[in-house]
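2 protein chains.
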Amino acid sequence: MKQSRTFIPTIREIPTEADIISHQLLLRAGFVRRHMNGVYSYLPLAHKVLRKIENIIREEMENIDAVELSMPSLQQMELLAETESGISDRSDLFMLTDRSDRKMALGLDQASIITKIVQDEIKSYKKLPLTLYQIATLFKDEKRPRFGLIRMREYMMTNAYSFHADQESLNEKYKDMMNAYSTVFTRLGLDVRTVIANGTGSAGNKSHKFMSLSEVGEATIAYSDASTYAALMEMAEVNANYVLPNDSLKAMEKIETPNQHTVEEISTFLDIAPSKIIKTLIFKVNDDFVAILMRGDHMINESKLKRALGTTAISLASEHEIKDVLSCEPGSIGPVKLPLDTKVYADHAVGFIVNGVSGANENGYHLMNVNPERDFAIDDYMDLRFIQEGDPSPDGIGVIKFAAGIDLGFVTDIGDDISGTMDASFLDEQGNANSFVMGSYGLGISRILAAIAEQYNDANGLKWPKQLAPYDIHLVTVNIEDETQKQLSEEMYHLLKSYRYAVLYDDRHERPGVKFADSDLIGLPIRITIGKKAQDGIVEVKLRSTGEIFEWQREEITEKLQPFFG
Amino acid sequence: MKQSRTFIPTIREIPTEADIISHQLLLRAGFVRRHMNGVYSYLPLAHKVLRKIENIIREEMENIDAVELSMPSLQQMELLAETESGISDRSDLFMLTDRSDRKMALGLDQASIITKIVQDEIKSYKKLPLTLYQIATLFKDEKRPRFGLIRMREYMMTNAYSFHADQESLNEKYKDMMNAYSTVFTRLGLDVRTVIANGTGSAGNKSHKFMSLSEVGEATIAYSDASTYAALMEMAEVNANYVLPNDSLKAMEKIETPNQHTVEEISTFLDIAPSKIIKTLIFKVNDDFVAILMRGDHMINESKLKRALGTTAISLASEHEIKDVLSCEPGSIGPVKLPLDTKVYADHAVGFIVNGVSGANENGYHLMNVNPERDFAIDDYMDLRFIQEGDPSPDGIGVIKFAAGIDLGFVTDIGDDISGTMDASFLDEQGNANSFVMGSYGLGISRILAAIAEQYNDANGLKWPKQLAPYDIHLVTVNIEDETQKQLSEEMYHLLKSYRYAVLYDDRHERPGVKFADSDLIGLPIRITIGKKAQDGIVEVKLRSTGEIFEWQREEITEKLQPFFG
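So the protein sequences, as listed, match chains A and B. Throughout, the working numbering is defined as the position within the first sequence, counted from one, plus 14. Throughout, the working numbering is defined as the position within the second sequence, counted from one, plus 14.
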């Protein structure tokens, strides 16, 4: 393509609207333009990259027998109402009314519409399993669109849904889909972590996310510094391999701690480490009070508590409720001599405290040298805390670090969350109606474009990996008015095209400085410059990734290029 | 693809919701499903055909240096307000509000958004011309969606826009685009007529439509039975090659015609042909009255009148206004002795009436033997009537016939209609600001899918042309439980795939009748049946287009298939 005939509006200055590097560079290199807050146009270069990403996805989906279809963006409100559970927050929906006052919404996903289609057509286990996917534009009325293509209101995604007769079949597809998505990221050249994520429903079905580590990510990932282990911070299990201190047990002692309530206050007042303090929290679980014991330096992870107790009906007891039961304030609660009917659960770490400190269930007093099992009973030990940096990795290899991550994709076992609500069922081998067991999978295509730009760049611009570059080669003529240079350029352009290279040919009447700056900004893998040495049949070849420069004879170009695209 | 793994829900009965053949067959063969009125899902087979159509469009667009980009569906209301002229009917827009109460619309086209993008980036004639296009989903709140994929509320289209420094450059691109679109239709195998259409604006800029002749079309096309000439009925010019009758002029005579007003009444009352009657219509043009003369059997085409007089401010005078000026009723007006300041324009045909009849400008009277030029003056002769079946074709070849047509595409010179309103300009060589001269082009992709189904079918189902078929070959195993048949089928499947044929392999445990009926419905170009003769290594090959059947040895398959896909 001749650059004079296409549309690549580059910008020299850093646009004020952009605060992250991918957004700045995609604007500056003429890949995207903003239409509204969170709504962008993909200009010709970005469009080409998006199509390459799509094609990689299509190939990997076909490899695992996923079938592409295309569902509408306009969706019946009635249908969405049936599956309210599928949509986390109704205020995220763009809603509209047609000329007959019928309510519709713009698709935020295709979970309900695809379940409806399958439900209408598939009546027997014989036609299962079935995996369908779509590459589509989705719409979300984001509260705070930002970071360019990272958090948008209109964006491209691929969503896949699988339908199964049983859990075993879903598990198999889940694994296939994990592998396929991993392969997609490998082929894209994107560094991602497969991260254990929070599933849907109270059961907390299995779910994984694919995240690229990035400062601008909005989620915290806990990952091992020595293995592939990674989880959303709130999902990371904590290994219970604490060491019991070799101290002898001392006698319990009640001491005055006037106006000392928080762990920090007690720790300073008594000059002991927070890790020696037993923090007691009273939760209301359904209608019962439950005491939860945590080490003073640990934070309770309420999602873990909910999963451990198998219910979501959990809330911290109010000060008022606590006073009713214990006749003391929350800052003075302790595990010793709690009312008999109160269940006591402790985080594993509490079991390794020797001679600890706890509240005395009496305002203004704490107990010293408290020891679990000797001084109070514990109904069960559980994993209840957030993992921390420095903790051993749950897989036993390495140490946990935290990083921010951008969510690029997910695989989720949604079981019968949607098919159950919609009464979408099939007949099994025995003729019984069962709800479809479903998996839901997705990759954020616009976001992947941003993540690649975020990963592949330097001070001068973008540096596209060759499998995604909008063109393979940037052919730059230093002075297009010079007949020799122009002639050699045209010859090279046609030669390279005949070898099936995608060539962007800068035939513009611009100063060389402008051309080189644009070329670096755009960031195609190889630049071939036709300058003064054209008269000797010599061209300059520069690799964008390393900056290496070669001078080649015109006759050897095609042969010498080959290894770079092999 | 194994048929057991994909999703092709066929239907035996004719669905009641479908009243045209393409819609019936696309539903029955499992290509589409309705989600709402005018909103459809494209199931896997339709999706494949759509992608083939898109690819043909892309190739032809690239050939004429049109560049693909992708603009959002969510569009700023403010921007649309600027270019109200671009949108024919506001009630067709789907409008919505975001969570901050900002008004938006779903794209009905991309005219204003693309003009905004180009206006922001292109300041100089040096970067023109530029042609951009998009393949996108568009939304239209149709009053009456119908005919399946023909008139939808959410549909796929490609829209192209070209930007030029002058009319000459646009004219060139207009021609290129006409040719490219014609090539697209030829490659699609679609019978279309290139039809002269009504342009935008009062100037009536040049415009053409691409229409397939079909009973379900909503526009009337006037076409030549012997040449390629075709025009929207209201746009067809009428040749003025009438023959002057060889009669001698008789003396004018005033006769009583009590209560006879219409052409029909006068024709019966006087027993003369309507073609001998001169019909006089009084129009108000801006603030003046103008008399228009038509032959009694011809219908006035007001669009032609507007173009001829160069204004859209034209309306029929009211009875009240006519009485004020002529003191007679509309049914008694005639061209003789009209008030002096009334301009008189006549359709060409009027000049060939000898001894005609007209109103006498007096209630209850007409004039016999009226002759133009002798009895009244005519300021100008013009082409003012609708063409009729049987008229000579305007290009001089053949005779005009009428047919209904489906609008599949258009090319239009929109001049500065949009760029003028939006103040979108560039600096020319002299440094003067000029509005971009623009062209607008479009192809209805969903509608093309329907038009192809409408054209390629028989009583048993669809008959895909090979360049568009979702798969090349339908490999049907008569009895998949028969080990010999199954083994040969698997062998053929892998062999054909290795030869790069796209194969749909019916490996289902269904009765042969069901399989053959489904295969005819789906309509792939070639069916290869593996049945009882599998034990002798013989397969049956059937061409869907002609019904021809061959029996081939397994070893000769690939060689003998080649000519069909050459």
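Everything labelled a hint here was simulated from the structure, so no lab data went into it. One or more hints might be untrue.
[Unchecked claim] For lysine-lysine, the following DSS-like pairs were computed, each having C-alpha atoms within a straight-line distance of at most 25 Å:
(1) A/Lys500 - B/Lys140
(2) B/Lys220 - A/Lys511
(3) A/Lys556 - A/Lys66
(4) A/Lys511 - B/Lys141
(5) B/Lys189 - B/Lys220
(6) B/Lys66 - A/Lys66
(7) A/Lys117 - B/Lys117
(8) B/Lys141 - A/Lys500
[Claimed, not checked] Over the 12 Å line for every Cβ pair with chain A, so calculated as not near, a few chain B residues:
(9) Glu27
(10) Ser105
(11) Glu168
(12) Met170
(13) Asn255
(14) Pro272
(15) Asp311
(16) Met313
(17) Leu323
(18) Leu352
(19) Met436
(20) Leu510
(21) Gly561
(22) Trp566
(23) Gly580
Only a predicted model underlies this, so the values are computations on that prediction, with no experimental measurement involved. Where is the CB? At the ideal position from N, CA and C, for every residue including glycine.
Quick rundown of the hints versus the structure:
For the hint pairing lysine 500 of chain A with lysine 140 of chain B, the CA-to-CA distance comes to about 18 Å; that is within 25 Å, so the pair holds. Our distance criterion of 25 Å between C-alpha atoms is broken by lysine 220 of chain B and lysine 511 of chain A, whose separation comes to about 36 Å. For the hint linking lysine 556 of chain A to lysine 66 of chain A, the alpha-carbon distance of about 23 Å falls within 25 Å, and the restraint holds. Between lysine 511 of chain A and lysine 141 of chain B the alpha-carbon distance is near 24 Å, which keeps this suggested pair within the 25 Å criterion.
A hinted pair counts as satisfied when its Cα atoms are at most 25 Å apart, and lysine 189 of chain B with lysine 220 of chain B qualifies at roughly 11 Å. Our distance criterion of 25 Å between C-alpha atoms is met by lysine 66 of chain B and lysine 66 of chain A, whose separation comes to about 17 Å. Between lysine 117 of chain A and lysine 117 of chain B the alpha-carbon distance is near 17 Å, which keeps this suggested pair within the 25 Å criterion. For the proposed pair lysine 141 of chain B and lysine 500 of chain A, the alpha carbon gap of about 19 Å is at most 25 Å, so the pair holds.
Every C-beta of chain A lies more than 12 Å from that of glutamate 27 of chain B, the closest at about 14 Å, which supports listing it as non-interface. For serine 105 of chain B, the condition that its CB be more than 12 Å from all CB atoms of chain A is violated, with the nearest at approximately 6 Å. The non-interface label for glutamate 168 of chain B is inconsistent with chain A: the shortest C-beta to C-beta separation is roughly 5 Å, within 12 Å. Distance check for methionine 170 of chain B against chain A: the nearest CB is about 9 Å away, which does not clear 12 Å, and the non-interface claim fails.
Listed as a non-interface residue, asparagine 255 of chain B keeps its Cβ farther than 12 Å from every Cβ of chain A; the least gap is roughly 46 Å. Under the 12 Å C-beta cut-off, the non-interface status given to proline 272 of chain B relative to chain A holds; the minimum distance is some 50 Å. Every C-beta of chain A lies more than 12 Å from that of aspartate 311 of chain B, the closest at about 41 Å, which supports listing it as non-interface. Every Cβ of chain A is farther than 12 Å from the Cβ of methionine 313 of chain B; the closest lies at roughly 32 Å, confirming the non-interface assignment.
Every CB of chain A is more than 12 Å from the CB of leucine 323 of chain B (nearest about 35 Å), matching its label as outside the interface. With 12 Å as the threshold on Cβ separation, the claim that leucine 352 of chain B sits away from chain A holds: the shortest Cβ distance comes to roughly 47 Å. The Cβ of methionine 436 of chain B lies farther than 12 Å from every Cβ of chain A, with a closest approach of about 14 Å, so its non-interface assignment holds. With 12 Å as the threshold on Cβ separation, the claim that leucine 510 of chain B sits away from chain A holds: the shortest Cβ distance comes to roughly 16 Å.
The claim that glycine 561 of chain B is not at the interface with chain A holds, since no C-beta of that chain comes within 12 Å of its own (minimum 30 Å). The non-interface label for tryptophan 566 of chain B is consistent with chain A: the shortest C-beta to C-beta separation is roughly 29 Å, beyond 12 Å. At roughly 23 Å, the least C-beta separation between glycine 580 of chain B and chain A is larger than 12 Å, which holds for a residue marked as non-interface.
Hint compliance for this structure: hints 2, 10, 11 and 12 are not met, and every other hint is.
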